[in-house]
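Chains as they are written, first to last, in my numbering: chain W, 1 to 437; chain R, 1001 to 1437; chain Y, 2001 to 2437; chain Z, 3001 to 3437.
If you are wondering where the hints come from, they were derived from the structure by calculation, not from laboratory data.
Certain hints may be false.
Derived Cβ-Cβ restraints for the label pairs, each shown as a range [what the hints assert, rightly or not]:
| # | chain 1 | residue 1 | chain 2 | residue 2 | range |
| --- | --- | --- | --- | --- | --- |
| 1 | Y | 2075 | R | 1245 | 27 to 35 angstroms |
| 2 | Z | 3163 | Y | 2350 | 57 to 65 angstroms |
| 3 | Y | 2094 | R | 1331 | 35 to 43 angstroms |
| 4 | R | 1066 | Y | 2094 | 25 to 33 angstroms |
| 5 | Z | 3283 | R | 1245 | 54 to 62 angstroms |
| 6 | W | 92 | R | 1248 | 25 to 33 angstroms |
| 7 | R | 1379 | W | 259 | 25 to 33 angstroms |
| 8 | R | 1066 | Y | 2336 | 31 to 39 angstroms |
| 9 | W | 185 | Z | 3075 | 56 to 64 angstroms |
Every beta carbon over 10 angstroms from chain R, so not counted as near; a handful from chain W, in silico [what the hints assert, rightly or not]:
| # | residue |
| --- | --- |
| 10 | 88 |
| 11 | 168 |
| 12 | 191 |
| 13 | 239 |
Note that beta-carbon positions come from the ideal geometry of N, C-alpha and C, so glycine has one too.
4 protein chains.
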Amino acid sequence: MIERTAAPPRTHELNALFARVRRTTEALCRPLRQEDYVVQSMPDASPTKWHLAHTSWFFETFVLRPGLPRYPVFEERFALLFNSYYHAAGERHPRPERGLLSRPTVEEVFAYRAHVDHWMGALLAGEHGALGGELAFAIELGLNHEEQHQELLLTDVKHMLALNPLEPAYRERGPAPCAATKLPSERWASFEGGLIEVGAADSVVGAASFAFDNERPRHRRFVPPFELARAPVTCGEYLEFVEVGGYLRAEHWLSDGWDARARLGWEAPLYWKRDGLKRDGSGWRILTLNGARELDPAEPVSHVSFYEADAYARWQGARLPLEEEWEHAATGEEPVGNLLDSDLLHPASCARVGRRLEQVFGDVWEWTASPYTPYPGFQPFQGTLGEYNGKWMSSRWVLRGGSCATPARHIRASYRNFFGPEARWQFTGLRLARAPR
Amino acid sequence: MIERTAAPPRTHELNALFARVRRTTEALCRPLRQEDYVVQSMPDASPTKWHLAHTSWFFETFVLRPGLPRYPVFEERFALLFNSYYHAAGERHPRPERGLLSRPTVEEVFAYRAHVDHWMGALLAGEHGALGGELAFAIELGLNHEEQHQELLLTDVKHMLALNPLEPAYRERGPAPCAATKLPSERWASFEGGLIEVGAADSVVGAASFAFDNERPRHRRFVPPFELARAPVTCGEYLEFVEVGGYLRAEHWLSDGWDARARLGWEAPLYWKRDGLKRDGSGWRILTLNGARELDPAEPVSHVSFYEADAYARWQGARLPLEEEWEHAATGEEPVGNLLDSDLLHPASCARVGRRLEQVFGDVWEWTASPYTPYPGFQPFQGTLGEYNGKWMSSRWVLRGGSCATPARHIRASYRNFFGPEARWQFTGLRLARAPR
Amino acid sequence: MIERTAAPPRTHELNALFARVRRTTEALCRPLRQEDYVVQSMPDASPTKWHLAHTSWFFETFVLRPGLPRYPVFEERFALLFNSYYHAAGERHPRPERGLLSRPTVEEVFAYRAHVDHWMGALLAGEHGALGGELAFAIELGLNHEEQHQELLLTDVKHMLALNPLEPAYRERGPAPCAATKLPSERWASFEGGLIEVGAADSVVGAASFAFDNERPRHRRFVPPFELARAPVTCGEYLEFVEVGGYLRAEHWLSDGWDARARLGWEAPLYWKRDGLKRDGSGWRILTLNGARELDPAEPVSHVSFYEADAYARWQGARLPLEEEWEHAATGEEPVGNLLDSDLLHPASCARVGRRLEQVFGDVWEWTASPYTPYPGFQPFQGTLGEYNGKWMSSRWVLRGGSCATPARHIRASYRNFFGPEARWQFTGLRLARAPR
Amino acid sequence: MIERTAAPPRTHELNALFARVRRTTEALCRPLRQEDYVVQSMPDASPTKWHLAHTSWFFETFVLRPGLPRYPVFEERFALLFNSYYHAAGERHPRPERGLLSRPTVEEVFAYRAHVDHWMGALLAGEHGALGGELAFAIELGLNHEEQHQELLLTDVKHMLALNPLEPAYRERGPAPCAATKLPSERWASFEGGLIEVGAADSVVGAASFAFDNERPRHRRFVPPFELARAPVTCGEYLEFVEVGGYLRAEHWLSDGWDARARLGWEAPLYWKRDGLKRDGSGWRILTLNGARELDPAEPVSHVSFYEADAYARWQGARLPLEEEWEHAATGEEPVGNLLDSDLLHPASCARVGRRLEQVFGDVWEWTASPYTPYPGFQPFQGTLGEYNGKWMSSRWVLRGGSCATPARHIRASYRNFFGPEARWQFTGLRLARAPR
């Protein structure tokens, strides 16, 4: 994987990687009907065809236009439609109105992708000369960007389909066959803390691996001893919180969370449906990308907001981990797990394999107690791309570890994802932390 | 046409009519791309596929379910999705969320139509016995209902495409060839008024023609002498109001209209675009179903709200006509004009042919000064269908005469259309009235 | 009373009248605490001190400034604060923010009133010459305007106090002593209708009585025979509607009314409180200006919106009267009743005295089925005062007859009050109408 | 001052302190007119009479009810009205509606205060036995609580008066006489950082000084070397940012800040008025508690939001300090300055006296770059009072140092104030930080 090589990728490696990432995005669309590409289910989500076009616009804007003087722009007016949030790149169509656009059609969007791929192929084949470092960086960034949109595409489709009373599935597929698993006998793993280092190693010529600007610079933090739960909180554990009235008692909640709960009508995680309740109190249903089914108590709970994760932890007499605690602990774990490449597209109940910390990477993004702020000495990317991460550093929380919809190539211990405290449509769960007892 | 026959339609006539109306709806969809069927541009509008399904649901609910005991319901859950506003017919999916549903797909919706058409065909072919009067009425109502949705389908598509910065056209077609026309030399036609009769004649067995419940009963009104403008207000005339600052002077406007203007940012009729302005002040562009083009000063102004129509009239020292004045005057005119059947899909600048009143039927719906209230002795349709018209009789205004998107079969002098005073997405214009001078 | 004199008021009569009306306004404030003058309970209501200042601003702006060249303006900046809605009179402080202004203080507002009264006194004493017709008209209008604000002052105070969990009373006073009354044995009075006349007689020099522009011109209407209920609907009758679930069945309601009911949480008339319910189902409490007490089933129901009045009438198989029916019937009744001058400040259960129509004037404003529109040939007042009535002629309904908070001098058969269909904070009730059976 | 004694206050000391704090609150009301006590200018602010009552309710609820068995509650219904946000203490009147209550009157509120003071006096005089530790703590907390409301009372009054077009002053007073001052010749002070300690020392029996729960526990942090500006940013410096278009360039702003700026119409700090602009570009006016006057470029800028402070710092190529940096640096400074006790009620331009860091305490609260989160090992106060600080630990930022409206007794180096990133009505400014160059 590119971020683990000891040298910058040679052009033909980048070419293969480019083709692979772009193909993956399109493969994710295969189960969709034409109509599914069009709908925007809420302002935070985007239509599938917007994702397809926006990721192409990214390469067009930051690679082809600056890098290929004779590049023929596919359609000048797409710049307005498919710029997400880069002020320095010009005007933007309003985000909440992306679902009002029936055109360009899906067919036209795929033609746009093909056009961009064609010229990117030419560039990467070296037809236009050697690739400068700046362009190579923009391409690597564009691929990481597209991987992020692969995850968003799936979670946006899931959200859209879930609003439909017909409860259509993204695809029909049974649960993965799964050997019986047990919770770890020891619930907690201990860490000594101390003056630790966090963050991605600095980019050095000839030895750099990719990391986002927000993961740098690597720096020291002082961390007192702490314990982390060996496994993420499961649906069964979270269900108990729901059933004892956890959503009805203000004392567990942050004040803003309590208000959000009331305003947004939260009574359980997103996609939990009560209508299937049986007499014995069981029978919660859950909507998944693979269709609706009964809630599985053994799988990690997902689609909870920061406020719910925080309230659950407080109810348990515990807390969420700080991002430096999480990173310090995760650094010892192998970055493998139930990721997009597993093609389960849902957190797995059978992923435990006897490690010190289970399900660290993949399954669910884990909310941390850390607001998303710059590391000391933070330097945004140069130019327009400086808007990529830095300007979101307020009112968001850091999540760590990736989910079942994150490409395996994309995740690492230092990776900082971030969402607002009310967001629930990503695969977001939690792992408890506490002081040593 | 059915409302002009001296006897109720025989079954085979109804059969042919049914087929014709249903085909017309589908023909209107032909220029659309798959993606165009999905989008809802605002709460007042609906996606095309919703119109296609809802009109089928109407026949299924009010004809096939009660009339054909063995009718196999296509999909029970469609009742929730495609009931518009009939409380007595059960729960309804929220109107503003119609654009969030990618499923059923367009293909499935056409299959639904075919299913309903098949069983309606069987019913109308007499395979299941003679058609009772109640069912015949429901079918006639269903056809009138579908004709209303033909107009809405077009105006909703127009609104949706107009929101798109790419400015796609519904279809590409040049303006109709048109001989030079002149404004009538006399601007005003005089009417004596007196104790007149308005409303559709009562339905009598063996001699009824269709009319909505809100057009009945026929009754007397006292009307002082009045004058009506011989032609609707044109774009050229309205442009003058725009250019002298009519939208900036509170004295022309009703108070609620003045506020609506500010809140909604009105500076000209809907679909007028200023960006094409030339140095000499001309150059307004207008978006039409046939594409964007220069404003034609000779065509009737359209897509103005009641408030704009009212303000224009006051600025002119005139007023809007009362609906009884309009009906009284229109009764003497032949109900022909630039209607849906002309296939222009835009108000025509060359429709004047030397009548006393020009362009009475077709081209643009004409706002009246009459709030939409029940006629004395009003009786709503029986049962669930009583919700068709009666419950909307507040905060709406009556419009008369039909537009270029109204089926010719559908319009008559007594026809009462109604919209809220802020609505602009229909083909709505105005004709001035005044007291004799 | 001035509108009944055969000649325009002589100056000294106007002087006495002016003093009386102004004193009445101030007397209404006597029960208030200083703090009560400041609060604005909703955008439709105004703080008491705003009413006191605004009515003074009216005389300053429309009488003293144009009529008294040497009039020293009390405070130029008050023009901004106390202009209600006259665009032609300059900028206005936003209506919903009237309760954000602690200054001018109550004391300063009374000083402003005294200043205006002083100069009005000088003008009316003839110190500055004879009073021209235009000024005399503006004064008469200003007095009618102030009488309207007397009613608003009381209803606004009632609304504000009712929001307070402490349930303070405007004043403590027991119910009026009252002989036992019976409902009329005949519920309905019949009217023949025909070609009738409505509206105030035209103003003629030397013989004019005051009427608002919206009451003119007098004109003919054709009215079929109709019946009116002899008495307004009582609380006991309305309670039945509440208790059989009238607020839970869509079929009684206009569509907009049904939505308003849900949005605004209506379950009974405003100021009805369920918390006092006894086991036997009785025990509704009602908040009045004289304090909270048990609901009296014999008193006319009040504080219902147009939508509730309309729904009640439909549930009863009846309808609301048209304003021309009401005026035609009321013309035969003496304009006396439970008005502000009675000082009950609440609809009375013992006001029936054996007339053909009971409680026509006073007690409660009666909603009509008539949207508020201009009479044929309507001419607004000249100049800025033309904004007084005309610009409100959309989305409002006509009410007739005055209430227990309307000054006796102020009401007449032709008087047209108007409010939006959701307004409930006025003393608004209803009287049923129907076609003859 | 109490937090500096080596032993818990003896009862008679607490008695004197109690009387002093309560008197101070009332003294702040002296310039107010009766009407000023009633108005609530926005949901974040409260009417003065609410502050007066709420601080009394605090003592009644947390001291008198639990501590004095025979305490006669003044008015049971006040519990509903004057509970701010303690879920565990019962129902609460909605915060945004505090300005809708004219009652209790100001007089009644002062009577309530006197009643509480009387019984507190009895308690503190030892008439009811010795004071237990828990009660002593609740009293000390109540006094700190009341000091916080002294500051809020002033900032809320300032906000309310500033909304009034008459621009009333809280009091009329000229600026403090002030010797000429100069900016420090060295702009930056350097700090070595390292593994430092922050937070208030733990409470130890017999040696505790008061600190809020959110200041504890004292703990270690690793801090790289940093520099702090020797003085807060001045109005003159900030004006430059305004005048070069700092509010019009997205690149300086966090994304949420940029949106807040547009939504809330920010073009300069709160209370800056452009209307006095002179031809030479000078002439900004500023509203202060002492009346409106010209902007003084030498005084610290105040009434900026976190987003504005952050944008200014980025524009300067600097950043806001972390709270641990601020506390570390401030620990070396004497906690004196322009605080409430100075009675200037405005940031001073002449407070610089040659210290290493100027104006650290007082003048303006300084925004830090630190979101408000719990310290490692944070323990909220026991019981209902646990809601005091902990539940606000999301979406707020830490401010340090106190302002010209903070009581001198109340501030210390470890004190953590917190507000949302859009708050501007407190005396909030900033001091720049940066890495050593």
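Outcome of the hint check:
At roughly 33 angstroms, the beta-carbon separation of residue 2075 of chain Y and residue 1245 of chain R lies within the given 27 to 35 angstroms, and the hint holds. At about 48 angstroms, the CB distance of residue 3163 of chain Z to residue 2350 of chain Y disagrees with the hint of 57 to 65 angstroms. For the pair residue 2094 of chain Y and residue 1331 of chain R, the beta carbons lie near 48 angstroms from each other, so the given range of 35 to 43 angstroms is not met. Here the CB-CB span from residue 1066 of chain R to residue 2094 of chain Y is close to 55 angstroms, at odds with the stated 25 to 33 angstroms.
Residue 3283 of chain Z and residue 1245 of chain R have their C-beta atoms about 32 angstroms apart, which leaves the hinted 54 to 62 angstroms range violated. A C-beta distance of roughly 30 angstroms is found between residue 92 of chain W and residue 1248 of chain R, which places it inside the suggested range of 25 to 33 angstroms. Restraint check, residue 1379 of chain R to residue 259 of chain W: a C-beta distance of roughly 50 angstroms breaks the suggested window 25 to 33 angstroms. A hinted range of 31 to 39 angstroms for the beta carbons of residue 1066 of chain R and residue 2336 of chain Y is inconsistent with their spacing of about 57 angstroms.
Separation of residue 185 of chain W from residue 3075 of chain Z is about 58 angstroms and conforms to the stated range, judged on CB atoms against 56 to 64 angstroms. With a least CB separation of 20 angstroms from chain R, residue 88 of chain W remains clear of the 10 angstroms interface cut-off, as annotated. Against chain R, the non-interface label of residue 168 of chain W is violated: not every CB pair exceeds 10 angstroms, the least being about 5 angstroms. In this structure residue 191 of chain W is separated from chain R by more than 10 angstroms, as the shortest Cβ-Cβ distance comes to about 45 angstroms.
Its beta-carbon lying about 28 angstroms from the closest one in chain R, residue 239 of chain W satisfies the requirement of being farther than 10 angstroms from that chain.
The structure is inconsistent with the numbered hints 2, 3, 4, 5, 7, 8, 11, although it conforms to all the rest.
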